[in-house]
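Under full-length UniProt numbering, the first residue of the sequence shown carries the number 1, and numbering increases by one thereafter.
These are computed hints drawn from the structure, not numbers from a lab. If you're wondering where the values come from, they're calculated on a predicted model, not measured in any experiment. Yeah, the Cβ is synthetic: ideal placement off N, Cα and C, and Gly gets one too. Some hints here could point you the wrong way.
[To be verified] 25 Å max Cα-Cα, derived SDA-like pairs, lysine to any residue:
hint, residue 1, residue 2
1, K82, E107
2, K72, K120
3, K59, T71
4, K67, K120
5, K82, N60
6, K82, L42
7, K67, A37
8, K120, E132
[Unchecked claim] Here are the in silico distance ranges between beta carbons for each label pair:
hint, residue 1, residue 2, range
9, Y99, G126, 39 to 49 Å
10, E97, A37, 49 to 59 Å
11, R87, A114, 27 to 37 Å
12, Y99, P152, 11 to 21 Å
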Amino acid sequence: MTTDSRLILVGQIGGGFGVRGEVRVTAFTADPLALTAYGPLLRADGTVALTLTSTRPDKNGVVGRAKEIATKEEADALRGLKLYVPRDRFPEPEEDEFYLADLIGVEVRDTAGAVMGTVKSVQNFGADDMLEIAPATGGPTWYLPFTKEATPELHLADGWLLAVPPTEVGEREPD
Numbered sequence: 001m002t003t004d005s006r007l008i009l010v011g012q013i014g015g016g017f018g019v020r021g022e023v024r025v026t027a028f029t030a031d032p033l034a035l036t037a038y039g040p041l042l043r044a045d046g047t048v049a050l051t052l053t054s055t056r057p058d059k060n061g062v063v064g065r066a067k068e069i070a071t072k073e074e075a076d077a078l079r080g081l082k083l084y085v086p087r088d089r090f091p092e093p094e095e096d097e098f099y100l101a102d103l104i105g106v107e108v109r110d111t112a113g114a115v116m117g118t119v120k121s122v123q124n125f126g127a128d129d130m131l132e133i134a135p136a137t138g139g140p141t142w143y144l145p146f147t148k149e150a151t152p153e154l155h156l157a158d159g160w161l162l163a164v165p166p167t168e169v170g171e172r173e174p175d
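Based on the sequences and whatever the hints tell you, model everything.
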């Protein structure tokens, strides 16, 4: 069994809370309290950033104590730090479910079966998720909406997905 070392963004340090060295963490997880279950939270380079020892819910995530932080000033100094967890620490998804991170590296094929490129990243700029595609022929990346219309078929076990870029979908009715 291979381990999956891809890092998944799960939160961001909001700074200190109170005067006793607690830290506020904005959670990007469905259950903010799950942050403590993932073990040490990592920096983007994979080094340990935060080991939460206790948490309680807060409006945007959790407030808690961390092994690495003793004072409010230490917590404030880490404000804005993004926190990650290796993909293999997450439970396996149910059948017909997947994590967005599982799309990274997947081949993107057109309706004729030709390889258009691979998924480089999954972005969300405020509306829907967008797949950043690295073209098979090189050149600048492009974005594909991650919608049923633009990506009607996912064959993740086989490492590919079907793409119908919006220019092929047809004209959209004005709102």
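Going through the hints against the structure:
| no. | hint | verdict |
| --- | --- | --- |
| 1 | K82 to E107 | violated, 28 Å |
| 2 | K72 to K120 | violated, 38 Å |
| 3 | K59 to T71 | holds, 22 Å |
| 4 | K67 to K120 | violated, 34 Å |
| 5 | K82 to N60 | holds, 15 Å |
| 6 | K82 to L42 | holds, 8 Å |
| 7 | K67 to A37 | holds, 15 Å |
| 8 | K120 to E132 | holds, 5 Å |
| 9 | Y99 to G126: 39 to 49 Å | violated, 21 Å |
| 10 | E97 to A37: 49 to 59 Å | violated, 19 Å |
| 11 | R87 to A114: 27 to 37 Å | holds, 29 Å |
| 12 | Y99 to P152: 11 to 21 Å | holds, 20 Å |
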